[in-house]
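**Student:** Okay, here's what each chain looks like letter by letter:
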Amino acid sequence: AQKITQTQPGMFVQEKEAVTLDCTYDTSDQSYGLFWYKQPSSGEMIFLIYQGSYDEQNATEGRYSLNFQKARKSANLVISASQLGDSAMYFCAMREPRISGYSTLTFGKGTMLLVSP
Amino acid sequence: DAGVIQSPRHEVTEMGQEVTLRCKPISGHDYLFWYRQTMMRGLELLIYFNNNVPIDDSGMPEDRFSAKMPNASFSTLKIQPSEPRDSAVYFCASSLPSGSGNYEQYFGPGTRLTVT
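Listed in order, the protein sequences are those of chains A and B. For the first sequence, our numbering begins at 1 and goes up steadily by one. For the second sequence, our numbering begins at 1001 and goes up steadily by one.
The set of hints was computed from the structure by calculation and includes no laboratory data. Yeah, the Cβ is synthetic: ideal placement off N, Cα and C, and Gly gets one too. Treat each hint with caution, since some may be false.
Listing some non-contacts, in silico: residues in chain A with all C-beta distances to chain B over 12 Å [claimed, not checked]:
1) V13
2) K16
3) S28
4) Q30
5) N58
6) N67
7) S74
In silico SDA-like cross-links for lysine to any residue, where the CA-CA straight-line distance does not exceed 20 Å [what the hints assert, rightly or not]:
8) K109(A) with M1040(B)
9) K1078(B) with N1050(B)
10) K109(A) with P1061(B)
11) K1068(B) with K1078(B)
12) K3(A) with M1039(B)
13) K1068(B) with Y102(A)
14) K109(A) with R1112(B)
15) K3(A) with L1045(B)
16) K109(A) with Q1037(B)
17) K1078(B) with L1046(B)
18) K1024(B) with Y1106(B)
19) K3(A) with T106(A)
20) K3(A) with L1046(B)
21) K3(A) with T24(A)
22) K109(A) with E1104(B)
23) K3(A) with Y25(A)
24) K1024(B) with F47(A)
25) K3(A) with E1044(B)
26) K3(A) with Y102(A)
27) K1078(B) with N1052(B)
28) K1078(B) with S1066(B)
29) K70(A) with T7(A)
Whenever a hint applies, use it, and build me the whole structure from the sequences.
**Tutor:** Put into structure tokens, the structure is as follows:
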């Protein structure tokens, strides 16, 4: 079973509009974390935002916010005021502790966002 | 800080050849991760190290793949012999000690491997 599900293969948005990228996760751990990374066409992976499972407030970083709904196991990324430079692939990832005591990341398949003028 | 450094950025090789990918993590990071990204399988964790020690290599696809970390500033991922299905982008990432509370993984620019 997939641990991270991103149901939107592609999303389109007009410049200056807000967009929500969906992410649902599956875990039985109490301590975990959710990440969003951006991968532009140049290929690098850029960290955007992080939410810990015990964080009561939704994480925000500039134009990025994470809509964390723990009971629904969802961690959607909201980008406000989209810019042309936001066009990229976006990955949701979950940090889970392993038996060894360390944490690793499991990535979703990604959502391609295209921002039009 | 220079960030995570990977070399080469692009590698084209013939089937059967040995390929070595290199990674220099960010100074002070004691975790190092190797990932492979393909269209079909997405981003997969291959292996990770803590303080130069391999912790989990369950993601390594076959015995043809091996990884080492001889010191805190250098790691290699080797494929011998290479096959066309190994064509992918290979990322190295590093992160701070777990006690720091900062779980972000810092990715290198990746190595695009093409095996013909």
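**Student:** Can you name, in rising order, the numbers of the hints this structure does not satisfy?
**Tutor:** none
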